[in-house]
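Colleague: Following the hints, position chains B and C against chain A.
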Amino acid sequence: MSAGLLLVQTLDGVQLGLLLFLIAAGLTLVFGVMDVVNLAHGVQYMLGAYAAVACAGWTGSFWAALPLAAAASLALGAVLQRLVFRRLVGAGHLDQVLATFGLILLAEEGVRMVFGPAPLSLAMPPALAGTVPLFGGLRYPVYRLAVVAAALAVAALLWLAIEHTRTGMRLRAGASNAPILAALGVDVGRLFALVLAAGAMLAGFAGAIAAPIVAIEPGMGGSVLILAFVVVVLGGPGSARGAFLAALLVGLTDTLGRGLLDAALRVALDPSAARMAGPALASMLIYLLMAAVLAFRPAGLLPARGRR
Amino acid sequence: MTRALAAALFALLVVAPLAAQAAGNTWLLSLATSAAITAIAAVSLQLVVGTAGLVSLGHAAFLGIGSYAVLILAGWGLDEAALSLPVAMLAAALFAWPTSWLALRARGVGFIMVTLAFGQMAYFAAGALAAYGGDDGMPLDRTPTLFGSALLARPLALHALALVLLAAGVLAASALGASRFGRVLRAARADPARLAALGFDVARTRLIACVMAGAAGGAAGWLMAVQSGFVSPATLDWRVAGRLLVMVILGGAATPAGAMAGAIGLTLIEEALSAVTEHGRIGVGALLLLVALGRLRRTA
Amino acid sequence: MSVLAARGLHKAFGALAVTQNVSLEVAAGEVHALIGPNGAGKSSLIAQLAGALRPDAGRVLLDGADVTALPAHRRARLGLARTFQVSALVADLSALENVALAVQARARRPLAPFRRAAGDAALEGPAREMLAAVGLEARAAVAAGALAHGERRALEIASALALAPRCVLLDEPLAGMGHDEAARMIALLGRLRGRFAMLLVEHDMAAVFALADRVSVLVQGRIIACGPPGAVRADPAVRAAYLGDAAAC
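Residue numbers (my numbering), protein chains in the order written: chain A, 694 to 1001; chain B, 166 to 465; chain C, 45 to 293.
Derived from the structure by calculation, the hints contain no laboratory data.
A virtual CB, placed ideally from N, CA and C, is assigned to each residue, including glycine.
It is possible that some hints are incorrect.
Simulated restraints, written as ranges between beta carbons of each label pair [as the list claims (entries may be wrong)]:
1. C:F158 - B:A172: 18 to 28 Å
2. A:G882 - C:D224: 19 to 29 Å
3. B:A188 - A:R883: 37 to 47 Å
4. B:A440 - A:A768: 32 to 42 Å
5. C:P115 - A:A875: 24 to 34 Å
6. C:D136 - A:G882: 27 to 37 Å
7. C:F158 - B:A318: 28 to 38 Å
8. C:A135 - A:A757: 23 to 33 Å
Only part of the chain B face toward chain A is listed, based on derived beta-carbon distances under 10 Å [said to hold, decoys possible]:
9. G215
10. L259
11. W262
12. P263
13. R272
14. L317
15. G445
16. R460
Isolated chain A (complex conformation) (with noise of 0.2 Å):
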């Protein structure tokens, strides 16, 4: 594999290790801090990806469909932390799982019916749509540049909300100790719906700036989440530095994985066998890792502090 090419991969992995942290940072708070399991929050992510192509199709921008989508993925997490998730905080975790699996069926059925079952794409603002050019005769989309840029700044956002405010403290506080939160006088609802609202339109915005680059279906938000779950398991529940190093750990053994076990397999099998054994391998690469750092290091990477 040439240099240009493993440049190539790495931007990618980077890019959706930077998408799967805005989605699994909301997932591993809530997880972490509230001990709710929210397996509707994946429908976040394919609501923000429709609310962009809905909202590009009414105003025909791009640019303005983007803020747009963020608020209306905001909006629904709050008027869903009203109506549902308010009531799960404390519950079993079955009734947490009937309930937020219920949510999944009704948004991917209620998509399907508004915006049919077929794949939809959003075209890419013209800004952004050409390449730029790497070394070696390659060149690389400046959207997913953009992409890289804007997750990496709503990253370094949350990092400062998360370090630098009375509210992030209080969750790094529940994060390695939930109890001391009502001890401290901690409005624990009020904090669970903020948690809640801001994590739904992290996943949300992910999904609208993901539009352009991927297939816009009901089923979308489904792998998404299941991605998410292994980076929180990875990095710590409840750690959102975790969450950060897990995610790009994640988005770059998929991608540099699939093409270095691929170049591996060449040299080792014969072709045929290689183009067999490959794709296989290459797809449960992620999960090989989450089982390895299980055997290793049970509490994640970088576990919430105080928690082992």
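Modeller: Here is chains B and C on its own, set in the frame of chain A:
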């Protein structure tokens, strides 16, 4: 009440063939058979979710492994049920062993996420089996023989077999739940540290339960393949696992009979809704949400 | 030889060292009390002895054998029982069934998959004896969750008895008890004295000085004194670090 409902629903499956014959409708029989097979899968999952209190979203993998065992053995010319059924169960148990061991290392609800992730791994692995149809799957050439006879090709005989296995499964799971083994699993739900202080190896006990449930799930997958005559990665989709989990929860999670009732009941509700509208899943989703919120209101 | 021994145990959470070079011996049949102010690290020490928490350094010996690497359930099988500070019974099982669960842990086939547990005479017979030993025979059929606080603590002792232990770690058995309940528990522990060694973690000084053969004092993760109750009470370092502020409140 759950018991009475479970008994009534089981009776419904027993008389379904008669109704099908009277109505001249084979679809009714195949619906009943598939409900019975789904119920076997739900009963096996209940051991893990209800008795052991471990919320698993990876049960579809065991169904898939059981199904692919039929397909792969048939590809080697081995289509005897007396061989392929035990192999299907063994293969599922062998997958359950390491994956459950790892999932048990993730504390608390981490179990959900890890079982879900390994389920997805199995899904991708099945899709990568190019020799067996890849993402599209593949039909079985022939229905497996039962001790050399072509009995299983007859829908009525297959239905009877599914019912027998379902009844045996419910009875065995109930006995298991009431046994010393079951009592340790149940007691460990509340406080594993205390059980460890008494000298019980909680993780090992739970692992045994997971492997047993995996093997039984493999049997359900075997039946699915035999009934549909088709094997594909769709069986391993995480929504299949989610649907099974929902069935167990709707059945109250506490008993195998409840899980059976939940499975048959939800299958019938889905069928009824899809007869009314092509978007029946909306109704199912709303139902699940309302049931969950209703339960929370009652306990609040 | 001591039944239970800690040798140079050390445990830190980040910068906070909760156990610092702790060595401790519990002799056969002895009641050894472990006292210390709140936050001294008593619970962490108990957890390390029981196997619920792995020490960073040091060893735990049970009957002279090194059990430092063994998990809690293996140590329990070797005769190390414990009670918990927060009563950790199975609330929906009856008192009898809770003790039967402990009997089951010692049974020949503790995990028999198809042997019905409820009503099993092999489990409930011995369990009844244990209940009688702690004075709970009349409450056998009551769900553990419905028992009074003092009864639940006694039930925990009965569960520990069922393990036929060599040594029992008692984590604040009198916590939250009224005067009468506490007196009954002290009398019960007094009756059981000599059947096994006890490491008694307790705040109630009257109980400690009534029961203990020896007292160790833990302050900020270190043992600062160990000896007969009278000597420890007179120790100026102990008075300064602990008894002084206990008397103040």
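Colleague: Looking at the structure, which of the earlier hints fail to hold?
Modeller: 2, 3, 8, 10, 11, 14
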